[in-house]
Amino acid sequence: GQQVMQIPQYQHVQEGEDFTTYCNSSTTLSNIQWYKQRPGGHPVFLIQLVKSGEVKKQKRLTFQFGEAKKNSSLHITATQTTDVGTYFCAGPLMGSARQLTFGSGTQLTVLP
Amino acid sequence: GAGVSQTPSNKVTEKGKYVELRCDPISGHTALYWYRQSLGQGPEFLIYFQGTGAADDSGLPNDRFFAVRPEGSVSTLKIQRTERGDSAVYLCASSLMGGADTEAFFGQGTRLTVV
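First to last, the protein sequences are chains A and B. Its first residue numbered 9, the first sequence is counted upward by one per residue in the numbering used here. Its first residue numbered 306, the second sequence is counted upward by one per residue in the numbering used here.
If you are wondering where the hints come from, they were derived from the structure by calculation, not from laboratory data. Some hints could be false.
[Unchecked claim] Short, incomplete list of chain A residues facing chain B, as computed with Cβ under 7 angstroms:
1. N39
2. P47
3. H50
4. P51
5. F53
6. F96
7. F110
8. S112
9. G113
[Unchecked claim] Not close to chain B: a few residues of chain A, all C-beta gaps over 12 angstroms, as computed:
10. Q22
11. T70
12. E75
13. A86
14. T94
[Claimed, not checked] Result set (DSSO-like, lysine-lysine): computed pairs, CA atoms no more than 30 angstroms apart in a straight line:
15. K44(A) <-> K383(B)
16. K44(A) <-> K322(B)
17. K316(B) <-> K383(B)
18. K78(A) <-> K59(A)
Every residue gets a Cβ at the ideal spot worked out from N, C-alpha and C, and that includes glycine.
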């Protein structure tokens with residue numbers, strides 16, 4: 009079945025270092041969403057990408073949607089301790105426009 | 306309300322018992338989703354409501370799971386004959402219009418532990 013894979017599963021960085029997480033789908037996605045979940049918290053929507061090759065920025069966060077619309081990445085420049093959490097990508101399941109399939113997430117730890 | 310509200314926040318039940326989990330979505334949001342999240346995993350889709358009707362229940366794992374949304378607002382997820390494998394955080398989300406291209410707002414979740 010359709011899967012959304014994320015790598016790496018865990019990432020430890022020193023504060024100030026950059027961080028990137030990658031998301032890959034087995035099928036073409038109409039759109040991809042990114043969520044952040046703080047430890048003990050719930051997923052919070054960050055952004056949605058729709059167009060092939062789209063790049064969006066939110067302050068130190070840069071989101072990219074691949075040309076084939078099967079992969080995406082989230083890059084954080086100069087990480088801060090407030091960036092700690094698990095980052096999930098999510099895309100619509102093929103054949104259903106109603107439900108999102110979430111990746112397994114990348115858990116980011118930022119060491120002060 | 307200000308956000309999606311879920312009650313209880315924690316529920317411990319014995320194997321074989323029946324439980325109900327409640328979700329109060331953001332006022333005016335027509336779409337409501339239930340997800341289940343196990344430790345170290347992403348949320349797993351269970352069911353989606355548009356208004357009062359279950360538009361997609363393909364994620365419900367078996368017939369022990371059932372959800373309702375009788376007035377198109379509050380929803381209840383019901384689990385019969387609970388099993389230890391049902392232990393997880395059950396997340397509810399709502400969105401203004403629905404569909405997988407709409408921002409979903411998640412509640413804090415209900416942590417269900419079956420002992």
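Evaluation of the provided hints:
The closest approach between the C-beta of N39(A) and any C-beta of chain B is roughly 5 angstroms, which is under the 7 angstroms cut-off, so the hint is satisfied. Proximity of P47(A) to chain B is violated relative to the hint, the smallest CB-CB distance being about 12 angstroms (cut-off 7 angstroms). At its closest, the beta carbon of H50(A) sits 4 angstroms from a beta carbon of chain B; the interface hint therefore holds under the 7 angstroms criterion. Contact between P51(A) and chain B, as hinted, is supported at the beta carbon level, the nearest pair being about 5 angstroms apart and thus within 7 angstroms.
About 5 angstroms separates the beta-carbon of F53(A) from the nearest beta-carbon of chain B, less than 7 angstroms, and the hint is met. Look at F96(A): its Cβ gets to within about 5 angstroms of chain B, closer than 7 angstroms, so that hint holds up. Hint on F110(A) holds. Least Cβ distance to chain B is approximately 3 angstroms, under the 7 angstroms limit. For S112(A), the suggested interface contact is upheld, since its CB lies about 5 angstroms from the closest CB of chain B, less than 7 angstroms.
Hint status for G113(A) relative to chain B: holds, with the closest Cβ pair at about 5 angstroms, below 7 angstroms. No beta-carbon of chain B is positioned within 12 angstroms of the beta-carbon of Q22(A); the least distance is around 24 angstroms. With a least CB separation of 19 angstroms from chain B, T70(A) remains clear of the 12 angstroms interface cut-off, as annotated. With a least beta-carbon separation of about 19 angstroms from chain B, E75(A) lies farther than 12 angstroms from that chain, consistent with its non-interface assignment.
Against chain B, the non-interface label of A86(A) holds: every CB pair exceeds 12 angstroms, the least being about 26 angstroms. Residue-level check failed: T94(A) sits 8 angstroms from the nearest beta carbon of chain B, not beyond 12 angstroms. Among the hinted pairs, K44(A) with K383(B) is consistent with the structure: their alpha-carbon atoms are about 28 angstroms apart, no more than 30 angstroms. Distance hint between K44(A) and K322(B) is unfulfilled; the C-alpha atoms sit about 33 angstroms from each other, more than 30 angstroms.
Pair hint K316(B) plus K383(B) holds up; C-alpha atoms about 13 angstroms apart against a cutoff of 30 angstroms. The suggested pairing of K78(A) with K59(A) holds, with an alpha-carbon distance near 11 angstroms, which does not exceed 30 angstroms.
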